[in-house]
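Residue numbers (the numbering used here), protein chains in the order written: chain A, 743 to 865; chain B, 20 to 735.
Treat each hint with caution, since some may be false.
Taking beta-carbon pairs under 7 Å as the criterion, some of the chain B residues facing chain A (in silico) [claimed, not checked]: (1) A59; (2) T63; (3) T67; (4) R135; (5) L136.
With beta-carbon atoms standing in for the labels, derived distance ranges [unchecked claim]: (6) T838(A) x L173(B): 37 to 45 Å; (7) R781(A) x G145(B): 47 to 55 Å; (8) L112(B) x R781(A): 51 to 59 Å.
These are computed hints drawn from the structure, not numbers from a lab.
In this text, all values refer to a predicted model and were calculated from it rather than measured experimentally.
Think of the CB as a built atom: it goes at the ideal place given N, C-alpha and C, for glycine as much as any other residue.
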Amino acid sequence: MDRIPILRMGEFLLVTIQVDMHDQLALTLQDDLTAQITRTGARGVLIDISSLDVVDSFIGRMLGSIASMARLMNAETVVVGMQPSVAITLVELGLTLHGIRTALNVEKGMALLRAGAARRSRA
Amino acid sequence: MRSQPGGTGPILTVAIRREEDVVLARQRARQVARLVGVAASEQTRLATAVSEIARNAWKYASGGKVEIALEDGEEASALVVRVRDQGRGVKDLDAVLSGRYHSPTGMGLGIAGSRRLVDRFDIQSGPSGTTVTLVKDLPPGAGPATPRELAALLDALSRERPHDALEELTTQNQELLGALDALKERERQLVELNRELEDTNRGVVALYAELDEKADYLRRASELKSRFLSNMSHEFRTPLNTVISFCGLLLGESDGPLNDEQRKQIGFARRSAEGMLDLVNDLLDLAKVEAGKTTVRAAPFEVSELFGALRGMLRPLLATTQLALHFEDPVGLPALYTDEGKISQILRNLISNALKFTERGEVRIAARREGGRAIFSVSDTGIGIAPEDQERIFQEYGQLDSPVQRRVRGTGLGLPLSRRLAELLGGRITLQSEPGVGSTFTLDVPLFYGGPPEIGAVPDIAALHDPTRYPVLVVEDNPETIFVYEKFTSGTPFQVLSVGTLLEARRAVQRLRPVAVVLDVMLGAETAWPLLSELKGSALTRGIPVYVVTMVENRGKAKGLGADDFAEKPLERGWLLSRLEEAAGLLPREELLIVDDDEASRYLLRSLLSETRYAVVDVASGEEALRRVAERRPAAVFLDWKMPGMDGGEVLARLRADPRTRDVPVLVYTGEELGPEQRARAAGAAAILAKGRPRLSALHEIREALARLGRGVDPP
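Using the sequences and the accompanying hints, generate a full structural model.
This is how it looks when you write it as structure tokens:
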């Protein structure tokens, strides 16, 4: 019950956060996601936060750490669908999300992940 | 609201008790902001700020309170959120506010960031707690202008609340479902287990039934066998004896002379008949031993006398041989205490065997002592027995094939029977033999059967009788059965006094009057029918109920001779006790009176006395006691010494003063040691007994005291 579902789409993982997460739920998501990356060997993670009205410093940091951990496991993280008010608030809050790539929506996010994956496999 | 400047109480309060409450607080803040008309982006900012501060309260102060209120300002209303906690305050507040502070926990943005997200920000922090006030100004005209609008707002809030309750309900439902599933699973397992148990149970019941059937079958078979054997004894022995005596008559020529040929023929007939009689007797003896029907009748006797008797008995066998039969004088043997008849039977067997298989030389019988055992030996100078045959001769019909063997007759049962008899006496028979030289059979039995006896003590039944109990005379020769009866009657007012022979039974009935007689019909060789008809035939003893117990169904005969009831072995406890109680009911019952103010003491004593033949009555005070004693004249009074009101001493004095109660014996039964003065007061008592003794010794003491009163010695 108290878990955010993680979907697998080819070599990417898709997480759609539809509930207002409390801190423990966010930490659980972080654990689940890293475990899934290891298990599936995913190359990218797409996190859809379009339903979130509030992203405070804790959740913001959590998104940042997910991105850092995923990178260490050779997976790109793209956060998509951030509401404008959330973006404004994050900036005002002074939270800079280093290493998080963002996209407007899921479609663009997927394109970004694919491009990155193709680039990396060429390299 | 505006009419009450300075604000009012919070419209909503969220307690931060769990981590999830942080989420609830920010959701509530957002809801209220929306309802009072705050723009969407501003809602997010306020909610984020509340989230930060509420999390701080949870993280650093382990909880707190979030209050959301509407307050009137000078120009417009404001939405005010206060977060209070009882923590130890914010350390280095200035550094935090200026943004220089970097939290080791990775935050550090909370306070400074929140400050930027709201219109006004205030923080009061001290060692007893922190209060953060976040203020969001409302656009002009926004917010509830009238109490009615406020009420509508609150209503809307409460309507949005169910979302939360619903979620909780869902969770609870799910937990319930889980619990139900677990319960169902457990129930299923239980049902399964139950079914298995039922199966097992059925199996056990079936097994029991089978066992019962088997036991029943065996009992019938055994009964059939004993009936067959007892028939055989009478039906076979009588005609054989008749044949033998007629042969004797003919050979005595009392009815006219016989010629030589006739004499020879009748001689053969007689010898054959005698052989057959031996066979029948041995067979019977053996069967009896096997069936456990043979009882050992131990009595003291001298071996030299036994030898004398044997010499006399065996003399006829020597008439036709050249053999010498020597009985050596027994050396160092005390009088034996065992079954003389059986020793004699064994020795007779061994000697006649020796005589049969010895053509010349001698047969020598000796006896000596070895430790606690008597060793008899029978040596011959006969044909001897080869080692490989030495065990076979002890088997039934295990005769050997030899020239001598063919010439002499034998039943083939003598040695097996002798061995069984020896075993019955706790002894054994061994054999040493060399073919052509001779054999020595050795009988080795304990000097004292069943341990050293009390010499000369034929127990006097009457002396064993405990006068506080009803004597029950049990005429029975099987020790196990007697033991069972004693078990049955332990803890009851009945005392089993057992005798094994009719003679003892007659003596016992003369010495004491039993409340009832339990009669086993089969007493070894004799039957108990004569005793039954004697008891019922005499006017003195006719009133004593006699219950006949035996294995043989013979109800008609028992009834005919006057038995009061009849049962087959094994006897049931309930049956026996109900008959005994009936018998005791025929007698007048004496009374014992307990005087004690303490109910527990009365109860304990009453339960002790329930093992006596007396009716027990108790009273709680001296006054009642005096009345009761005068009225009923009990056999004895058990008097507690220390009682409120009239104490034991006074009761005793008054009983002694009254001629009606003067003779009633009083047993002082007290919990404490009596001092000299008290002892003097108790001088009129028959005995002073101590309370609180262990049950057995207390019972013993009480019985002795009652017996001393001389009451119990009179036949009840």
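Verification of the hints:
Against a cut-off of 7 Å between C-beta atoms, the interface hint on A59(B) holds, since the closest Cβ of chain A lies about 6 Å away. With a cut of 7 Å, the hint placing T63(B) at the interface with chain A holds, because the nearest CB-to-CB distance is about 4 Å. Look at T67(B): its Cβ gets to within about 5 Å of chain A, closer than 7 Å, so that hint holds up. The beta carbon of R135(B) is positioned within 7 Å of a beta carbon in chain A (closest approach about 5 Å), and the interface hint is therefore held.
Against a cut-off of 7 Å between C-beta atoms, the interface hint on L136(B) holds, since the closest Cβ of chain A lies about 6 Å away. Hint check: T838(A) to L173(B), Cβ distance near 40 Å, so the stated range 37 to 45 Å holds. Our hint of 47 to 55 Å for R781(A) and G145(B) holds, since their Cβ atoms are close to 50 Å apart. The given range of 51 to 59 Å is broken by L112(B) and R781(A), whose C-beta atoms sit roughly 46 Å from each other.
Hint compliance for this structure: hint 8 is the single one not met.
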